Amino acid sequence: MDPNAPPPPGSSTPRKLIDFSLIVVASLALAAGIGVAYQSGLGRVWEIFLDETLLTAELLPKIVAGVLAASALPMLIAPERIKSWIGPDSGLRGLTIATIAGMLVPGGPGVTFPLTMGLLAAGADMGAGVALVSGWMLLGLNRTLIWELTFLPADFVALRFVLSLPAPIVLGWVVRHTLRRREARQ
Amino acid sequence: MNILIGTIFLWALALFALRLLRKSRPEAVPAVIARARTTTIYLVPRVFAGLLGAGFMAELLPVDKIEQYFGEGSGLIGVGLASVLGVVTPGGPFVAFAVGASALKAGAGWAPLVAYVTAFSVININRSLVYEIPLMGRQFTLIRMLVSVPLSLVLGGIALLF
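Just so you know, the sequences run in chain order A and B. Per this note's numbering, the very first residue in the first sequence carries number 1; after that it's consecutive. Per this note's numbering, the very first residue in the second sequence carries number 187; after that it's consecutive.
Please keep in mind that the hints were generated in silico from the structure rather than gathered at the bench. It should be emphasised that the depicted structure is a prediction, and the values quoted were computed from it without experimental measurement. One or more of the hints may lead you astray.
[What the hints assert, rightly or not] Straight-line C-alpha distance at most 25 Å; calculated SDA-like pairs for lysine to any residue: (1) A:LYS83 / B:SER210; (2) B:LYS291 / A:LYS83; (3) B:LYS291 / A:ALA78; (4) B:LYS291 / A:VAL174; (5) A:LYS83 / B:ALA203; (6) B:LYS209 / A:ALA78; (7) B:LYS251 / A:PHE151; (8) B:LYS251 / A:GLN39; (9) B:LYS251 / A:ALA78; (10) A:LYS83 / B:LEU199; (11) B:LYS291 / B:LYS209.
[Claimed, not checked] Just the calculated beta-carbon pair ranges, DEER-fashion: (12) A:ARG182 / B:ILE227: 20 to 26 Å; (13) A:ASP155 / B:GLU213: 51 to 57 Å; (14) B:ILE219 / A:LEU104: 22 to 28 Å; (15) A:ARG182 / B:VAL215: 35 to 41 Å; (16) B:ARG208 / A:ARG81: 16 to 22 Å; (17) B:LEU206 / A:ALA31: 42 to 48 Å; (18) A:ILE100 / B:ILE189: 24 to 30 Å.
Backbone N, C-alpha and C fix where the C-beta goes; we use that ideal spot for every residue, glycine too.
Make the full structure from the sequences, and use the hints.
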């Protein structure tokens, strides 16, 4: 396989370290921090600041591993295969494969988004990308089994999960067909 | 504990993938590592700012008005309000599920909770700003969020029937 053939996964990662999204998130944090200072005093602000700093430090090794895995995995599959599995002509079967892949992604947004970006660059279409991301968001086993079941009653989780089952495929289908119609018009 | 298990698992996966890659396409390994480094450097300040905002905002959430707005009788209005809260709830899933659990205890119905978890899952602003827009670009994020807007109302609406 030509090493230059597939566009590098995650290649669209912006290079600018400080951009609009960081400014918004930082401003929100600052505003909420001022709110807490006003409501409960500076001592509480400091406590939360330390807690979250510690949590970031705990998450750091996980983020590094997730980003590494997400960057490497799409390079292991031949682009032709990605295209036939979850490309624009993969039909409902492709959307189902993408949804199941999303359910199985073993990690947070730092894994899922770079992985999806890599698959899009290697030939997946946007419909499959949306199905994968939605499958991870709504049905991700990691999130459902570890987080949701820890906090919420099992019968509630089962109801929510079953109601959400068709959603990633439907959303992916809507995106795929809307884009296709738009392309046909142009 | 959950973080530790996840970390070990992801490292195992990453090392396994890198090993496979070194065998099948050794020339691609430096590029993968360089890209992972850029992405990590890019992500960390965002994650930190996002977690900080989440911690502060969780402190400010009004938990005493739950039954009034999200009780069993709150109907579609409760579903709609819960969806809006899901959009703006900051932080990772465990913040949202913790909020959901305390809401249930305080008298919230299942349908608004379905809407809340669904909206938090698919159209949460915080996650999109911290991760999705930087990593996936504005176009993907916008299209995906637009088609996902009705979902929490639909699923919450169906849950009202149970």
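Cross-check of the supplied hints:
no.	hint	in the structure
1	A:LYS83 / B:SER210	holds (20 Å)
2	B:LYS291 / A:LYS83	violated (47 Å)
3	B:LYS291 / A:ALA78	violated (50 Å)
4	B:LYS291 / A:VAL174	violated (37 Å)
5	A:LYS83 / B:ALA203	holds (20 Å)
6	B:LYS209 / A:ALA78	holds (14 Å)
7	B:LYS251 / A:PHE151	holds (20 Å)
8	B:LYS251 / A:GLN39	holds (18 Å)
9	B:LYS251 / A:ALA78	violated (54 Å)
10	A:LYS83 / B:LEU199	holds (23 Å)
11	B:LYS291 / B:LYS209	violated (53 Å)
12	A:ARG182 / B:ILE227: 20 to 26 Å	violated (36 Å)
13	A:ASP155 / B:GLU213: 51 to 57 Å	holds (52 Å)
14	B:ILE219 / A:LEU104: 22 to 28 Å	holds (24 Å)
15	A:ARG182 / B:VAL215: 35 to 41 Å	holds (39 Å)
16	B:ARG208 / A:ARG81: 16 to 22 Å	holds (20 Å)
17	B:LEU206 / A:ALA31: 42 to 48 Å	holds (46 Å)
18	A:ILE100 / B:ILE189: 24 to 30 Å	holds (25 Å)
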